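For the protein sequence lines, the chains are E and X, in the order given. Residue 454 in the UniProt record's numbering sits at position 454 of the first sequence, with consecutive numbering throughout. Residue 398 in the UniProt record's numbering sits at position 398 of the second sequence, with consecutive numbering throughout.
Because the hints were derived from the structure by calculation, they are not lab data. Just so it is clear, the structure is predicted and the values come from calculations on it, not from any experiment. C-beta atoms are modelled at their ideal positions from N, C-alpha and C, and glycine is treated no differently. One should not assume that every hint holds.
From the derived model, a few chain X residues whose C-beta atoms are all more than 12 Å from chain E [to be verified]:
(1) Thr451
(2) His652
(3) Ser678
(4) Tyr697
Below, simulated DSSO-like cross-link-like pairs (lysine-lysine); rule was C-alpha separation at most 30 Å, straight line [as the list claims (entries may be wrong)]:
(5) E:Lys289 with X:Lys536
(6) E:Lys74 with X:Lys292
(7) E:Lys352 with X:Lys736
(8) X:Lys74 with X:Lys289
(9) E:Lys74 with X:Lys577
(10) X:Lys577 with E:Lys592
(11) E:Lys439 with X:Lys439
(12) E:Lys289 with X:Lys577
(13) X:Lys496 with E:Lys536
(14) X:Lys736 with E:Lys496
(15) X:Lys352 with E:Lys577
(16) E:Lys113 with E:Lys413
(17) E:Lys64 with X:Lys577
(18) E:Lys602 with E:Lys647
Ranges between beta-carbon positions, derived for each pair [stated by the list, open to error]:
(19) E:Leu739 with X:Leu120: 26 to 32 Å
(20) X:Arg356 with E:Arg728: 52 to 58 Å
(21) X:Leu87 with E:Asp414: 56 to 62 Å
Number of protein chains: 2
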Amino acid sequence: MLSNHLQNGIETARLVWSRLPNSDDEALDEVGLSKKSDGSRSESLDYEVIENNAYREEQAQRGKLMVGYYVGVKWFFALLIGIGTGLAAVFINISVENFAGWKFQLTFSIIQKSYVAGFLVYILFNLLLVFSSVYIVTQFAPAAAGSGIPEIKGYLNGVDTHGILLFRTLIGKIFGSIGSVGGGLALGKEGPLVHTGACIASLLGQGGSTKYHLSSRWLQVFKTDRDRRDLVTCGCAAGVAAAFRAPVGGVLFALEEVTSWWRSQLMWRVFFTSAVVAVVVRTAMGWCKSGKCGHFGSGGFIIWDISDGQEDYSFEELLPMAIIGVIGGLLGALFNQLTLYITYWRRNYLHKKGSRVKMIEVCLVSLITSVISFGLPLLRKCSPCPEVELNSSIECPRPPGMYGNYVNFYCGKDKEYNDLATIFFNTQDDAIRNLFSAKTIHEYSAQSLLTFLVMFYSLAVVTFGTAVPAGQFVPGIMIGSTYGRLVGMFVVNFYKKLNIEEGTYALLGAASFLGGSMRMTVSLCVIMVEITNNLKLLPLIMLVLLISKAVGDAFNEGLYEEQARLRGIPLLESRPKYQMRKMTAKEACGNKKVVYFPRVVKVADVVSILQSNEHNGFPVIDHTRNGESLVIGLMLRSHLLVLLQSKVDFQHSPLPSDPRGGGKPISKGISIDDIHLSSDDLEMYIDLAPFLNPSPYVVPEDMSLSKVYNLFRQLGLRHILVVPRASRVIGLITRKDLLIEDNENSETVELQSTSSSTAR
Amino acid sequence: MLSNHLQNGIETARLVWSRLPNSDDEALDEVGLSKKSDGSRSESLDYEVIENNAYREEQAQRGKLMVGYYVGVKWFFALLIGIGTGLAAVFINISVENFAGWKFQLTFSIIQKSYVAGFLVYILFNLLLVFSSVYIVTQFAPAAAGSGIPEIKGYLNGVDTHGILLFRTLIGKIFGSIGSVGGGLALGKEGPLVHTGACIASLLGQGGSTKYHLSSRWLQVFKTDRDRRDLVTCGCAAGVAAAFRAPVGGVLFALEEVTSWWRSQLMWRVFFTSAVVAVVVRTAMGWCKSGKCGHFGSGGFIIWDISDGQEDYSFEELLPMAIIGVIGGLLGALFNQLTLYITYWRRNYLHKKGSRVKMIEVCLVSLITSVISFGLPLLRKCSPCPEVELNSSIECPRPPGMYGNYVNFYCGKDKEYNDLATIFFNTQDDAIRNLFSAKTIHEYSAQSLLTFLVMFYSLAVVTFGTAVPAGQFVPGIMIGSTYGRLVGMFVVNFYKKLNIEEGTYALLGAASFLGGSMRMTVSLCVIMVEITNNLKLLPLIMLVLLISKAVGDAFNEGLYEEQARLRGIPLLESRPKYQMRKMTAKEACGNKKVVYFPRVVKVADVVSILQSNEHNGFPVIDHTRNGESLVIGLMLRSHLLVLLQSKVDFQHSPLPSDPRGGGKPISKGISIDDIHLSSDDLEMYIDLAPFLNPSPYVVPEDMSLSKVYNLFRQLGLRHILVVPRASRVIGLITRKDLLIEDNENSETVELQSTSSSTAR
């Protein structure tokens, strides 16, 4: 039996544990948690029972109110995340489209007179935009570089990367990606938008940014990791929904690619957020249609509507489609491997030399990109326009300053166009639209497509990992649709009689490259369907993705996993490793000595223990009256630091104190070195019982490590205590014990005792 | 320390535990599990270490081969499930369409002469089909009644309902739903198809049906519950994919609605299965297009293509759409409540009287349905055909014996049609197509729609729960699209200037009713988009679903949950109940005495214990040499029964035996009463150590019950042992301890020690 003072301590612990941050517990578990009385205690102290019941009811009332408020805030935040991310996406798109629009308009008007002057203006314009981006990122928000998806993935897996969800990162991400995408680099704005959504969600979860005094106490109801993670999951989905105008794709992306823990209630909220984004973006685009947003309107959000394309497919086409899948898998895996090497080299050699090197690097990449995208089309001979069909809305060459196919660039005659310029000397969105376009058979020569593929692939590899916000979706679609269209051209020539559109193959190519590189499946499939607005190609996209992912998986891991690993984000995969099956929990702990605290501990001891190791959790062990030792809970380093900093819970006596309540103000990120204690303080004691987590998860020492892994991974834990085998069993909990009916309508429903665990 | 013989026992247990069915462990955990040596033991017995290592390597090799085979079979099964479910769906559809086609053709040809004769033929035809269905179900496969989704949900939640996944249930489901749907009852074939897919998957998982000698030992690699559940999940997705030709919807349905445990690897396999289904169904339909399948071809699979419908929507339309959402929530909740009452009453009064009553009941329902669907249109006055537009492909009245709008039924003049007959006297698929149809404004009168709504709603409520296979999707769509179109008519009249299609409102109505009744969200949304082949309405469907689900949730639970509860399937929700936060694990066990076994137990004792209670798991407790007791594992009733039946592990000595291997043939569903033992047998002993699960999950006695619930639910457990608090901590496992790198490429990747648990 537990001794009485111990019991007291544990009880109070239940009370106060709820007020401390960062616990392993379920969110609602804590909000509603209140002073509870243990069964064993109520039995021995009968006179307390009635009082306790009244108290319980009152607490339950208050708890329910709190839960209601909490749920309301959750949904309100989902709404805000949707609106915020939608607006951010609209802002980024309008800015990028306008910068790019001015750039191309200016260049086109100058090259009517001089190609050299146009070239210089084009280079300078790009350089300026790219420099603004890299300057913001390196000087102001270093965590905004890259796509951010590996870091978000890590966060949702339980690993914090420093600065990843700050307000300055949000700002850096938004303005940085305007510069880098507007500057014509081989990167996209979609990954950064996911990160943007996650930042918005996280800031809301903290009740605003404390540093910039934008916070409100009323909104600070989310104290637990799990709640924050849920919000960030919503943010990710909102980001994808906004980037591709693909609400269902967003939900699936959040589900498949980023979250590690998922509950179906969360799905509903994520779905709501995505729907809000869809409405916000649609409204904004409707507003822009009247021409209020400058160049934005005809370009902008990627919706490559190919609904007037190929409707049907024949079995003969499955072979070339499978080939596209294989190519996608190979090129995708190669992309992952190359970027891995380059990022590794960059991190260990180049970026160690400071932010000036980073800036020079990005500017160089911008210069090369500009030279290639302007210079290569110059070398290419123009082709005569195809004969104009009646009813065709596609003009050749397109009118200057407009978007569309058949770009007239450095062509002698009027009725000519430059096929390389059509895809190279254009914004990426327009290039993709041109590649996907139907009814434009033989627009591109194989030579141009091949040149573009090689050059753009190289540019994308080199650009990846520079210090600007960079997404891989759009470059991936560019690369994939280029070789897809190439295959499509051969198919058109080979199977002459069929109604085949090269654009369809371009779409499949895009899907295959993304599948081969990112290894997403269902979400990617839905995103592709949503951005092309064509459901009929779904089975084909599925087929191509299956092949490309399988091929890619034979070589390496997905892009995000590789990058996360390289960045030192220790992602826990959903499966235990093979060798874990033969290890026990005890072996996993190794020979490390367990550092534990007694229940009442001297402040000096706490300080020296915290200084001498880097553990984040400490078991607390107490002794019962008859001398047995007993593990009474787990104390986190962060909680100890809060206690040391506030000092109000210090006591002079080395005996357990009376149970007290009182939450602590939570200060994040304090280190033991920041805390200064007088020598008087060091001589005092702390009773840890009210502050520890009284029931951490435990496993017996000889449990198979893969079982432990599952427990850890599935419940999203941070610490598991390994204890000796138990000497006796107090009870056995089965499904029936957990089926507690609500009081209402329990009489109308009669539960049969179906045998719930007969063998089958 | 553990004593030596105990250690032996536990080791052997690891070996043999893998051969017994129905464990709580992860699948792969067991397949690869082999004889392991404990760290502590290797230390004390140094000379054994080398031998052990060689043994380990050999075992690892064999294990890897086994894992490869296992993964291969998994994917092969996914392929087979896809093909099987696709073919089953095609078969059901062809049969239903042909029966219904003959029926309507015959009736239409007879009513040219006599309406009375036509009426009788119609009634008889329906009665015959329905009777065949109810006869098959009551006499041959009682588990095939109803939709089967609640039972499958229960199965995937961990509860077996008797006979739900047998071969005879599969046969009963397929032929039963042909009869019930072909016979014109107010039910659909989609729920049964989900059940069909699950049955196919489960039979494959067992390696065929043992009873019908259709099994193969090579395919019996799936011994664990988890593997079977994964397969059944694939089967569910395949069923939805086949029913609606909605592969993505199928994946999401399996994810959102049926599974309780989900891993992203499974998603990939489920996705593959759905893609296979899509290809199979498409191929079959292509084959049928040439007219080889009789009446199937123009009708059949529900694809209500409304891509020529409304493209855009204005803000003013959001209000009526929200109203549709509210109506859907209200009518859906009412539907759930009414069916709950009727099913309750049926189960407790009507169906207790035997299968003859069930048959009479269904025949009565069929009679009423026939009378209403034939008789009501007779009472309705015909309307004149609208003026024919040029280019319109819709004929009025439609040619006899064809599918389409504007049915001429009991009309005097040539250019007239009966609007009630258009929706009532038709197959449900065609009725829905007619309700969704665009460019047919003012086809229906409000009076007809209202009549139809009331009558069909009542029929659907009454039909639900009868002893035939019955899905609720199509009736739900019928009901919803009727009131949706009704609202649409008012909108068309009210906002005169807008380009509004009544068909769009019918679609939204369908979504709202399904949302209000089944409470699905993302999956339903995707299914609706896939069956209507129109992505543009996605945000509207989302909006309507959000509202209808919220309204419905205010009244009761979803249809499947209600039904599962009524059938005594104890579903564990994904959240713990509110009151669990204040309970401990010990309180949940109550005062039940724990029945445990010693390590070596007398057969007579086993028999008497198994007879005296209904527990399914028993802790096994042994004593070390120095007299301490120690919990060495958990023994399942099913395993004990296998041991008792085979008798080969009986021994004469009451001392622990030498470790032996050897798996047992698994026989399902034996009961203690089936086992007959001689008095000699009863005097013998069994050493349980080789057969028990050596490391069941344990929780300390005072852990909060909501924490226990999460553990139980998230890991899909059947038993948790409640033990006293530990007296000491052997180690602490954190994220870092679980990050074991694979041997390859571990040198290229350098893991930073990112602080994974600083507070934020």
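Hints, verified against the model:
1. Thr451: holds, 33 Å
2. His652: holds, 28 Å
3. Ser678: Non-interface label stands for Ser678 (chain X): nearest chain E Cβ at 25 Å, farther than 12 Å.
4. Tyr697: violated, 7 Å
5. E:Lys289 with X:Lys536: Holds, at about 18 Å.
6. E:Lys74 with X:Lys292: violated, 56 Å
7. E:Lys352 with X:Lys736: holds, 26 Å
8. X:Lys74 with X:Lys289: Violated: Lys74 (chain X) and Lys289 (chain X) sit about 34 Å apart, past 30 Å.
9. E:Lys74 with X:Lys577: Within the cut-off at roughly 19 Å; holds.
10. X:Lys577 with E:Lys592: Roughly 39 Å between the alpha carbons, so the hint for Lys577 (chain X) and Lys592 (chain E) is violated.
11. E:Lys439 with X:Lys439: holds, 29 Å
12. E:Lys289 with X:Lys577: Not satisfied, since the Cα-Cα distance of roughly 50 Å exceeds 30 Å.
13. X:Lys496 with E:Lys536: Roughly 34 Å separates the two Cα atoms, so the pair is violated.
14. X:Lys736 with E:Lys496: This hinted pair is violated, its Cα atoms lying about 59 Å apart.
15. X:Lys352 with E:Lys577: Roughly 53 Å between the alpha carbons, so the hint for Lys352 (chain X) and Lys577 (chain E) is violated.
16. E:Lys113 with E:Lys413: The given pair, whose Cα atoms are some 16 Å apart, holds under the 30 Å limit.
17. E:Lys64 with X:Lys577: holds, 12 Å
18. E:Lys602 with E:Lys647: holds, 13 Å
19. E:Leu739 with X:Leu120: 26 to 32 Å: Once the Cβ atoms are compared, 52 Å apart, the range 26 to 32 Å for Leu120 (chain X) and Leu739 (chain E) is violated.
20. X:Arg356 with E:Arg728: 52 to 58 Å: holds, 55 Å
21. X:Leu87 with E:Asp414: 56 to 62 Å: holds, 59 Å
In summary, the numbered hints that this structure violates are 4, 6, 8, 10, 12, 13, 14, 15 and 19.
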